[in-house]
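Student: Residue numbers (the numbering used here), protein chains in the order written: chain H, 2 to 72; chain F, -6 to 458.
Honestly, the hints are just simulated from the structure, not real lab data. Since this is a predicted model, take the numbers as computed values, not measurements.
Here are the computed distance ranges between Cβ atoms for each label pair: (1) 8/H / 144/F: 46 to 56 Å; (2) 70/H / 212/F: 29 to 39 Å; (3) 219/F / 11/H: 52 to 62 Å.
To give a feel for the contact side, a few chain F residues facing chain H, derived at Cβ under 10 Å: (4) 259; (5) 264; (6) 284; (7) 329.
Even glycine gets a Cβ: it sits at the ideal position worked out from N, Cα and C.
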Amino acid sequence: MSTNGMTSWAVDLKDVGAIYPFQGSEVLLVILGLAFWIGWHIWQVRHENAELASEKKRGTGDKARKFIDRY
Amino acid sequence: MGDNITTLNVIFTEFYYWVTVVFMFLIHAGFCMYEVGASRRKNHMHTLMKNTMAIPLVTITFYFFGWWIYFAFINGPGIVEGGIAAAEFAKPWSPLMATHLSGPDPTMGVSEADAALWHRLNGVFWAAFLLFSITTASIVSGAVIERARMSAFWMVAVLIGSVAWIIDASWGWHPSGWMVKLLGYHDAYASGVVHAIAGGAALAFLIVLGPRIGKFRADGTPRDIPPHNPWLVTIGLFLIYTGFWGFYAACNIPMIDPGTIAGQITGETWTTTNIYLTPTSLSAITFNFLMSLSGGLLAGYVISKGNPFWTYSAGLCGIIGASAGNDLYHPIQAMFIGAIVPCISYKLHYWVERRFKIDDAVGAVAVHGYGGFLGVVIAGFMLWGQPSSPYEGYAAINPLGNFIGACIMVALGFIPTFILAKILNGANLLRVPREVELVGLDFQDREAYDAAVADVTAAERAMVK
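Throw the hints in and build the complete structure from the sequences for me.
Tutor: Right under this line is the structure:
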């Protein structure tokens, strides 16, 4: 048993194709990869919304003026 | 030097490794920037010099004995048959460790076969491995900033950079290493042999050294000691990423024919191989390097809630976590491994900090130690059953072999460093005095600097009419 189908290098390299593990799962990997990418954007937007809301609430008055002066 | 194709291949290989060395120097520029950025102003010059002087110290000791250890200790010695292996070309007095044009000289221990292979490759191979050595030592440097004595760190740097890591490389990162033969150990881009051992050494050093003054409150909860210059830290990490391109390329043999490998591979198709002489390609590792870096950055951003320090570190940890198998993974597999490993390492970092009061100033144990260890273990599962070598009779890659190998890597860093740190601590050579730590390690230099500035500005002011 081998995760890429190869158990020995007693082969002619001109006859060898893909050597990554779990061949045949490429479409599933792409789907999972796309889900990871989309999921990251969803998480990031939510996180940024929460962060901006918090900063909006806290950045007022003297504290805001002090930060403006810091440039 | 044989026929024209052989000549071209040798000169191409010589130039190839030379380029990797130049790239890898960026890792050290990056480490210096990163550490200085992470330290406070009162410790800048000390931090810089501590890291910088590891370069010449590891260089000369790696010339004197490190390079020979790599070839001589492949059998343990004493773990598999063979004792200390012959490596005349790597002894510091060998004519092949200097300018040489390939003529054999048996009276000086230069055989025809050694001369043909090593006369142009010895210097560049040595230098590529040397840059791995300096990297291993530099990883430890960051963890112990702002309180370790330079003398102590430099002794540890030589121990790790020119002895311990190269023993593990001889065992698990050589085509004939006993760990490859017996365990089927696979660690193509050094998750274990460079990173886990350095993480183990850093952890041992930190346990004996103790935290910086003020790191923990009276109730034991940790304080954040923020980097004085986050920009410098991030640019330093970018440089480390850039240097890693050279690191990855240097872990490959760029072009070799099956006849030279003299293993089981048949036919006449030339190939790139990893350090174990099994086929891969520069294209494969380029895919996987970038995808694992990206997985690490994306996951690091989430787990640290956008903290730049940890996002960048997670990018590096993503590469390290996938490195053991990045010669063979599919790029999307590399991305997921690169995403998962930094999340675990990040959580472990804070758990260890709270539970054991370990003050790892730059997260070196997490990024390199936990990340490297996990990377080797994951590769054992992902590559299960694949041949570890082009030669017959070697164990196949397997989870147990890689797990044992990962433990050996951490232990090879931890045990010798712990012993040396204990000895240095006993001799009062490990840590700077409390008074010096409080005012800063640059206090005397800073005073001299201020006096020089006052002197020259007063003189210039006096000249103004």
